[in-house]
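Residues per chain are reported as follows:
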Amino acid sequence: MTSSTKEIEQLIGKEYDKGFVTNLEADTFLPGLNEEVIAALSAKKNEPPFMLEWRLKAYRHWLTMTPPEWAFVNFKPIDYQQISYYSAPKQSEKLKSLDEVDPELLDTYKKLGIPLEEQERLSGVAVDAVFDSVSVATTFKGKLKEVGVIFCPISEAIQEYPELVKQYLGSVVPQEDNFYAALNSAVFTDGSFVYIPKGVRCPMELSTYFRINAANTGQFERTLIIADESSHVSYLEGCTAPMRDENQLHAAVVELVILDNAQIKYSTVQNWYPGDKDGKGGIYNFVTKRADCRGVNSKVSWTQVETGSAITWKYPSCVLTGDNSVGEFYSVALTNNYQQADTGTKMIHVGKNTRSTIISKGISAGKAQNSYRGLVKVLKSAENARNYTQCDSLLVGDQCGAHTFPYIEVKQPSANVEHEATTSKISEDQLFFCQQRGLSPEDAVSLIVNGFCKEVFKELPMEFAVEAQALLGISLEGSVG
Amino acid sequence: MLSIKDLQVKIGDKSILKGISLDIKPGEVHAIMGPNGSGKSTLSHVLAGKEGYTITGGSIEIEGQDLEEMAPEIRAREGLFLAFQYPVEIPGVSNIYLLKAALNAVRKHQGLTEVDALDFLALVKEKIKLLGMDEKFLYRSVNQGFSGGEKKRNEILQMAVMEPKMCIMDETDSGLDIDALQIVAAGVNSLRSEKRSFLMITHYQRLLDYIVPDVVHVLADGRIVKTGGPELALELEQKGYGWIGQVE
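Those protein sequences? They're chains A and B, same order as listed. Take 756 as the starting number for the first sequence in the working numbering and just add one per residue. Take 55 as the starting number for the second sequence in the working numbering and just add one per residue.
Treat the hints as calculated values from the structure; they're not laboratory data. Mixed in with the good hints, there may be bad ones.
[Unchecked claim] Pairs of lysine-lysine residues, derived as DSS-like cross-links and limited to a Cα-Cα distance of at most 27 angstroms, are as follows:
#, chain 1, residue 1, chain 2, residue 2
1, A, K1180, B, K104
2, B, K59, B, K280
3, A, K1209, A, K1101
4, B, K64, A, K1209
5, B, K249, B, K190
6, A, K953, A, K898
7, B, K179, A, K1213
8, B, K59, B, K219
9, A, K1020, A, K1122
10, B, K249, B, K162
11, B, K205, A, K1180
12, B, K79, B, K181
13, A, K1032, A, K898
14, A, K1209, B, K205
15, A, K1209, B, K179
16, A, K1213, B, K190
[Unchecked claim] Just some of the chain A residues that point at chain B, by a computed CB distance under 7 angstroms:
#, residue
17, T821
18, Y1162
19, K1166
20, H1174
21, A1176
22, T1178
23, D1184
24, F1187
25, F1188
26, R1192
27, L1194
28, S1195
Don't be surprised by glycine CBs; every beta carbon is placed ideally from N, CA and C.
Given these sequences and hints, build the entire structure.
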């Protein structure tokens, strides 16, 4: 091991600074999963009967399924009976305003860098904060209501807009879609619901901050966003979790429905606890995200920056059903220490003249394994479909791995599918050059990595781009090739 | 400014520099010439602090400070600049971003406030004009897709922005056609001052037609075998490096 490699490792070994636990009285179910637990959960949420039926159908199907094993990740099997499926901060009544929110809880958000009051006043970003399983405060609701935008916890939507929920929930990711999606469908506790009416351009960026606080609770969010004809919305999702020794499971489902001429831009910055430098602890992030471009000329754009989680299993996908619809996927996935990421996307071309773009940047440091897995599927019906895929990997140090698993299935002869892939290493010459220009080794690595990710960062909304760059700096401080 | 005393350097077990002494005063321009394998590039790398070399004897001081103790970035912030023979490419990082980061690293080290984006833009535009370069340079990724000449000019731009006191130029003339060479030389000449010293490492005399040195050293087999004025370079050009052996 060269001295420079050692230096990198010291730099990388920076502690996770979001690792604090909030002491709140919580209302938590005992661990275990069965139909009674699901019924109790549904009752807790005051759900209409159709919802319980929907959950039970998912649960019964889930019992017949086995976890997927094709991903390039390794972990001990999860005991689903050891997980508690409901945890909520104890609050006697529903809150009318932020003033009524537990001050300690608000303080947690402050530590995360999202002071809600300030956000409400200053930033123009509406935040739906999910604290464990309950959505605590939803800001900016009023202003959004004026233009007819619905932005609320999905638990609330189930009660107040049951018709919309019935029509769209599970229409993109069916209950039986995959093992984790089925589990989510059975036990999801909260998440966000967004409906943008016809012709409305959402006047602000919508944002949800997820945070897993209580020990041994799986967090199963469910997010449903519907962009009605000719509407437009940009949605930001950020995630953190405190440090815990036990691995925590996070199996979310995100469904996007995009109708004629509508657009959704969905941006994620995920820095969940990745485990310590020996690979102990950390979040398991097994997420199903899918967008259905149902309408003609509809467009979806996924942008993700993933620096956290011990294991990531995530493939935000686009089903391009409508003619001329467009799907985009821009991703930065950074893994360090013992992190494992198997992530990528699926582009399913169904309609005519559908177009998709995939730009994936994987960065691997320490002993981490980073895999890109992407499917481009062009059905017979998708005349003149086009796809462009660019998949770049950057290695930092000599003990990590980068892997690319592209799958291309084309049934339509007029389709045009391109795939480019590169793997590179931060070279000692690059590092020395930057140092000779006065930069410390850690700033040099951060500069080079940020340059590598530029194509993705430019797709992020401004304030997110700044956060993403800072995150990469923290997650990767000082690495040498 | 730069004082090198009996410097001995090895790569692995192999002796490359076998006792070099140099004394460069403020404002002076020195040239080191020598055949391939004489240790020219090793000297520039060792001065800038590149890894992979072992200093087995002697000392290097910049303004009385021991250089050997300093990390490469500290040397740079102290005002030691190396114009690389082969400038590296950094995809996705714009020139202007690197230049600003470099300048601010130096300023912070000197206890000055960092320059904000607007002030920096004004400053860098002035420099780029001075060097007769196109502003588009600023927004391209560092050296990516640059021609050989553009890369070398870019090094001079970095030098102009960082305003170092000791500039080492490693074979800056290599790979340049005569037009590019003249442009680069004009840039360097515009940066000459009483307070700034240069050490030019070169294989050929032609660079020295445009940047006229005060002192010329001839390096052969890890030793300085001859020192003289600019006329030494001409003599060397006429007689070839073989002549050095005879002088010894």
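A quick look at each hint next to the structure:
| no. | hint | verdict |
| --- | --- | --- |
| 1 | A/K1180 to B/K104 | 19 angstroms, holds |
| 2 | B/K59 to B/K280 | 16 angstroms, holds |
| 3 | A/K1209 to A/K1101 | 22 angstroms, holds |
| 4 | B/K64 to A/K1209 | 40 angstroms, violated |
| 5 | B/K249 to B/K190 | 31 angstroms, violated |
| 6 | A/K953 to A/K898 | 17 angstroms, holds |
| 7 | B/K179 to A/K1213 | 25 angstroms, holds |
| 8 | B/K59 to B/K219 | 20 angstroms, holds |
| 9 | A/K1020 to A/K1122 | 33 angstroms, violated |
| 10 | B/K249 to B/K162 | 21 angstroms, holds |
| 11 | B/K205 to A/K1180 | 22 angstroms, holds |
| 12 | B/K79 to B/K181 | 25 angstroms, holds |
| 13 | A/K1032 to A/K898 | 45 angstroms, violated |
| 14 | A/K1209 to B/K205 | 22 angstroms, holds |
| 15 | A/K1209 to B/K179 | 24 angstroms, holds |
| 16 | A/K1213 to B/K190 | 19 angstroms, holds |
| 17 | T821 | 42 angstroms, violated |
| 18 | Y1162 | 27 angstroms, violated |
| 19 | K1166 | 36 angstroms, violated |
| 20 | H1174 | 19 angstroms, violated |
| 21 | A1176 | 15 angstroms, violated |
| 22 | T1178 | 13 angstroms, violated |
| 23 | D1184 | 5 angstroms, holds |
| 24 | F1187 | 5 angstroms, holds |
| 25 | F1188 | 5 angstroms, holds |
| 26 | R1192 | 4 angstroms, holds |
| 27 | L1194 | 6 angstroms, holds |
| 28 | S1195 | 5 angstroms, holds |
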